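Participant: Sequence:
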Amino acid sequence: MSRLAVMQPYFFPYIGYWQLIHAVDRFVIYDDVNYIKGGWINRNRLLINGEPVFFTAPLQQASPYKRICDTSLQPAPLWRDKLVKTVATTYRKAACFAEVFPVVEQLIRHETNTLSEYLANQLQTLAAFMGIKTEFVLSSSCYENADLSGQARVLDICKKEDASNYINLQGGQTLYAGDAFRSAGLDLRFIVMQPVFYQQRADSFVPYLSIIDALMAVGPMAIRQHLDAFHLVSPRNNPMHVSAGERDA
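Counting in numbering that gives the first Met the number 0, the sequence shown runs from 0 upward without gaps.
Hint data in this document are derived by calculation from the structure and do not stem from the laboratory. Hints may contain errors.
What the hints assert, rightly or not - Below are the PhoX-like pairs computed for lysine-lysine, each with C-alpha atoms no more than 25 Å apart in a straight line: (1) K158 with K132; (2) K159 with K132; (3) K92 with K81; (4) K81 with K36; (5) K65 with K36.
Claimed, not checked - Now the in silico label distances, taken between C-beta atoms and shown as ranges: (6) H230 with N112: 34 to 42 Å; (7) A151 with V52: 36 to 44 Å; (8) K92 with A127: 23 to 31 Å; (9) R66 with A94: 38 to 46 Å.
Predicted model only: the values in this text are computed from it and were never measured. Note that CB positions come from ideal geometry on N, CA and C, so glycine has one too.
Please construct the entire structure, taking both the sequences and the accompanying hints into account.
Facilitator: Written out as structure tokens, the structure is:
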């Protein structure tokens with residue numbers, strides 16, 4: 000049984016994104032699709048003074064008509080220095096700062112101006128840091144199916160990967176038809192997060208922040224309980240909880 004996910008790379012994504020990575024055997028970093036302005040590809044949120052605040056990796060001539068793998072970061076080191084300082088100032092009193100900050104700083108300062116490579120390095124490095132054993136592949140490096148789009152392209156990737164299960168985030172329920180996946184011999188499921196709470200410096204818990212916030216609070220070992228805090232549902236919304244042991248079988 001092979002579990003597959005296909006998803007655009009996000010910038011230090013939230014816990015739900017990592018639950019998706021954790022739930023599959025192979026994760027396709029979907030980097031040869033168009034960049035989405037105003038999404039999560041090059042921005043996320045930290046908890047600063049008790050409020051969620053956006054932080055960004057600035058891009059050079061970004062366009063929704065340009066693929067992610069053809070998009071570049073601004074080469075100036077100033078934004079990286081500023082972001083490192085912001086993270087350090089915001090989380091220096093966090094319980095796991097000493098363990099987590101060096102990894103985050105290394106990722107922010109990673110020397111490449113290619114957005115796709117920069118984000119892939121973050122995903123692979125943080126996955127290893129959190130003990131996630133999922134394999135990664137860049138869609139731009141294989142498949143040769145750019146003539147396809149949407150569901151048809153995902154189905155073709157699943158076929159070429161010889162996958163038996165396709166898993167997506169909950170929002171994907173509006174994008175994919177269960178009948179098409181069943182006809183292709185695929186079991187389609189969606190990640191539904193359970194409530195996730197950890198200690199924050201805020202009056203009330205702020206969900207869906209960057210993984211940086213959670214790691215600073217609980218560290219790479221304790222984060223595993225949050226990575227397991229989800230259900231899988233079918234297109235008909237029948238909940239089917241899968242334990243960590245079953246996923247690792």
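Participant: Now, for every hint given, state plainly whether the structure supports it.
Facilitator: Against the structure, the hints come out as follows:
1. K158 with K132: 22 Å, holds
2. K159 with K132: Since the Cα atoms of K159 and K132 sit roughly 21 Å apart, the hinted pair holds (cutoff 25 Å).
3. K92 with K81: Status holds; Cα separation ~19 Å.
4. K81 with K36: 22 Å, holds
5. K65 with K36: 11 Å, holds
6. H230 with N112: 34 to 42 Å: 40 Å, holds
7. A151 with V52: 36 to 44 Å: 39 Å, holds
8. K92 with A127: 23 to 31 Å: 26 Å, holds
9. R66 with A94: 38 to 46 Å: 40 Å, holds
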